[in-house]
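Number of protein chains: 2
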Amino acid sequence: MEAKIEFIPEGTVTSPKGFQAGATYAGIKKRATDVLDLGILISEAPCVATGVFTTNRIKAAPVVLSQQRLQRGRAVAVVVNSGCANACTGEQGLADAAEMAALTAERVGASPEDVLVASTGVIGHRLPMKLIRAGIGQIIPSTDGGHSLIKAMMTTDTVPKEIAAMVGGSGFIIGGVTKGSGMIHPNLATMLCFLTTDAAVDIDFLRLTLRQAVDNSFNMVSIDGDTSPSDMVLIMANGLAGSNEVIKQDSRLADAFQQALDQVCIYLAKSIASDGEGASKLIEVTVSRASSVAEARLAARTIVGSPLVKAAVHGSDPNWGRIMAAVGRSGVEVVESKIDLHLGGICVVKGGRPLPFDKESVVEALRGSEVSIDLNLNLRSAAATAWGCDLSEEYVTINSQYTT
Amino acid sequence: MEAKIEFIPEGTVTSPKGFQAGATYAGIKKRATDVLDLGILISEAPCVATGVFTTNRIKAAPVVLSQQRLQRGRAVAVVVNSGCANACTGEQGLADAAEMAALTAERVGASPEDVLVASTGVIGHRLPMKLIRAGIGQIIPSTDGGHSLIKAMMTTDTVPKEIAAMVGGSGFIIGGVTKGSGMIHPNLATMLCFLTTDAAVDIDFLRLTLRQAVDNSFNMVSIDGDTSPSDMVLIMANGLAGSNEVIKQDSRLADAFQQALDQVCIYLAKSIASDGEGASKLIEVTVSRASSVAEARLAARTIVGSPLVKAAVHGSDPNWGRIMAAVGRSGVEVVESKIDLHLGGICVVKGGRPLPFDKESVVEALRGSEVSIDLNLNLRSAAATAWGCDLSEEYVTINSQYTT
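Just so you know, the sequences run in chain order A and B.
The opening position of the first sequence corresponds to residue 0 in numbering that gives the first Met the number 0, with each subsequent residue numbered one higher.
The opening position of the second sequence corresponds to residue 0 in numbering that gives the first Met the number 0, with each subsequent residue numbered one higher.
Hints are not guaranteed to be accurate.
One side only, chain A facing chain B, incomplete, derived with CB under 10 Å [what the hints assert, rightly or not]:
hint: 1; residue: Arg321
hint: 2; residue: Leu378
hint: 3; residue: Arg379
Once the Cα atoms are required to be at most 16 Å apart in a straight line, the calculated EDC-like pairs of lysine to aspartate or glutamate come out as [said to hold, decoys possible]:
hint: 4; chain 1: A; residue 1: Lys349; chain 2: B; residue 2: Glu90
hint: 5; chain 1: B; residue 1: Lys349; chain 2: A; residue 2: Asp214
hint: 6; chain 1: B; residue 1: Lys358; chain 2: B; residue 2: Asp316
hint: 7; chain 1: B; residue 1: Lys269; chain 2: B; residue 2: Glu369
hint: 8; chain 1: B; residue 1: Lys129; chain 2: B; residue 2: Glu98
hint: 9; chain 1: B; residue 1: Lys337; chain 2: A; residue 2: Glu90
hint: 10; chain 1: A; residue 1: Lys269; chain 2: A; residue 2: Asp316
hint: 11; chain 1: A; residue 1: Lys337; chain 2: B; residue 2: Glu98
hint: 12; chain 1: B; residue 1: Lys269; chain 2: B; residue 2: Glu283
According to the in silico footprint, chain A covers these stretches of chain B (three or more CB under 8 Å from chain A) [unchecked claim]:
hint: 13; stretch: 54-64
hint: 14; stretch: 86-99
hint: 15; stretch: 200-211
Note that these hints are calculated values from the structure, not bench results.
Cβ atoms here follow ideal geometry from the backbone N, Cα and C, with glycine treated the same way.
Just need the whole structure built from these sequences, with the hints factored in.
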């Protein structure tokens with residue numbers, strides 16, 4: 000059943016009941032004006048919590064720490080910094096992450112084991128603990144602090160990415176913030192995403208729904224094919240919405256919760272894609288009638304991740320052969336003579352053969368800020384959508400001068 | 000045993016005895032000055048021949064045709080054009096490729112089944128058969144025609160890539176030409192590569208040696224992660240060097256032949272990498288002491304293919320964290336605390352931890368036209384080398400305006 004999901008104007012991670020957040024400029028990032036780099040998210044009540052973490056075999060210290068703490072399925076707060084990833088920092092890095100959590104616990108009156116840690120920024124540098132110690136003491140959480148928290152998480156992001164949604168008739172809200180514009184790729188959680196809800200949720204159900212929501216959203220985003228050792232998606236559910244019902248597998252609100260979580264995650268994932276480093280366009284690739292969902296996902300991600308497709312979209316060049324080449328190399332089952340392809344809603348390939356099209360119309364469709372690519376494999380019934388962005392000269396400029 | 004391999008000055012695909020080539024401007028490409036776009040390579044005597052072809056599931060017509068013809072293990076000539084890939088062209092494309100072969104067979108006095116076909120260029124357009132018919136009639140093969148042939152194969156290549164090598168004491172020569180600067184990626188043959196030798200070689204041995212040479216060379220090159228439906232590596236051996244000995248598995252010259260073929264293919268593969276679209280630097284990544292050769296190859300290719308690593312090298316930015324992140328996501332076995340990393344010969348990571356280094360020295364090393372990245376996993380004894388190029392703003396510019 001389709002749940003009635005409404006987005007809340009200016010909704011954020013502190014929109015669900017009982018969540019507060021705050022942030023400060025601790026001096027970790029170099030730029031000093033209007034910049035935040037250290038933040039705390041906290042729930043008034045203990046939360047059921049879980050996370051999805053980077054698949055990179057090199058894991059940053061905060062990932063190791065948070066992943067381990069979430070085995071118990073609970074948390075109360077998250078502390079996050081930008082400007083330094085605390086990755087490739089060994090035992091010292093783990094000690095620094097643990098200290099960051101302990102300082103936060105002290106500040107907000109929680110147990111250190113209930114505090115999660117996230118860091119993003121340059122790899123291979125120690126956290127400036129002196130700045131972090133001073134910074135944590137300055138943070139004052141509030142119920143509209145989500146807007147500050149997201150600013151403290153941003154690196155090369157150009158816009159804050161935040162959302163909250165309520166499900167009609169259910170009484171609960173799901174909120175979220177996310178950051179990440181380079182080093183984003185499928186099979187990664189994402190860069191950083193914190194999700195909150197005031198629903199009361201069973202931990203096993205929460206783990207399942209988060210995994211599914213991430214598979215349909217963040218794992219379908221590709222900016223540049225790279226993945227970071229720091230990525231994580233966290234969700235905390237504090238049950239303060241007021242219902243006595245704990246949502247679990249097959250319970251009355253299970254479907255609605257999954258749908259709302261999917262919507263929130265897809266919104267945030269698309270925000271990441273359209274704010275990709277140097278991006279000027281959001282690309283949405285839908286692959287339909289594939290042999291399986293796994294194949295539809297693989298094909299959609301391969302197309303949206305192809306540098307040649309991305310560069311062609313950047314130049315509004317209707318070079319559809321690159322899309323055919325990308326799906327061909329993706330390894331999924333294809334029958335060339337069955338493929339239909341639409342660019343910006345205009346059919347350019349029918350039954351695997353080029354269809355005469357008005358070049359100017361297609362170029363015009365590719366000029367928009369959102370470009371749709373629809374590939375119909377005409378095999379079975381599975382479909383998937385992936386999001387990405389165009390590849391611009393600016394992406395290269397940003398990434399050739401990151402640490403220097 | 001190490002064979003004594005000498006490169007022949009100005010060597011090319013017609014350096015081995017009994018090979019001729021020629022080319023013409025047929026009008027398939029738009030630019031008219033000093034451009035060739037149609038060529039023929041022919042052997043005076045029938046050849047033992049084989050090929051390695053694209054793994055893309057969308058295969059261009061010439062790939063389908065040549066792959067099928069090589070099942071017999073023999074060939075006499077190859078006809079090649081640039082400017083149009085004859086891909087996604089259906090039954091008509093296959094008929095056009097077959098006609099191209101038949102016209103060439105007639106021109107050079109061979110059987111049509113002994114003529115192979117290769118095409119490179121834009122996907123989705125029919126071959127201009129009228130131009131090709133007229134063009135084939137104009138080609139006059141000669142014994143130094145390899146230099147013309149390679150020009151007829153080039154698309155966005157900026158330099159011709161050709162080589163020949165002789166093995167001391169063996170009496171035979173191996174020559175080769177290759178093209179390809181975009182859409183190059185591991186698990187593809189490459190764009191186009193034609194190899195010739197006047198050695199007499201057993202067909203089973205030739206198939207094995209070509210596969211191994213390609214795995215060590217073209218499959219270790221990455222320009223942009225994309226793969227083309229048109230890629231192929233062909234080798235023809237005509238036995239005209241004058242020896243009575245047919246080289247086969249475990250025969251006296253088997254090792255020397257494999258080594259010479261490896262060297263020729265690695266030379267050509269590196270030429271492709273350093274002439275990558277928009278490239279200003281050749282990147283050579285060696286991964287040593289990995290758990291297996293397959294893992295060493297995967298790690299080396301993942302690093303050399305990372306857009307973030309490529310962009311950092313472009314900007315001479317010693318952002319080594321991106322190399323650690325790339326090997327971490329490659330999926331190979333790593334123990335973070337064992338990793339040593341050298342950039343341009345300078346150690347920057349020892350036992351997984353950053354080593355203080357003189358930034359100016361490393362930046363200086365990254366400024367060269369050849370940049371080496373050496374990653375030692377310190378696990379077992381397997382090693383592999385991969386080649387690629389930096390990612391520049393120019394790459395994006397080239398690829399956003401390819402068909403328009």
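Open item on the list: Which constraints among the numbered hints does this structure fail? Numbers only, ascending.
Closed with: Result: hints 2, 3, 5, 10, 11, 15 break, sorted rising.
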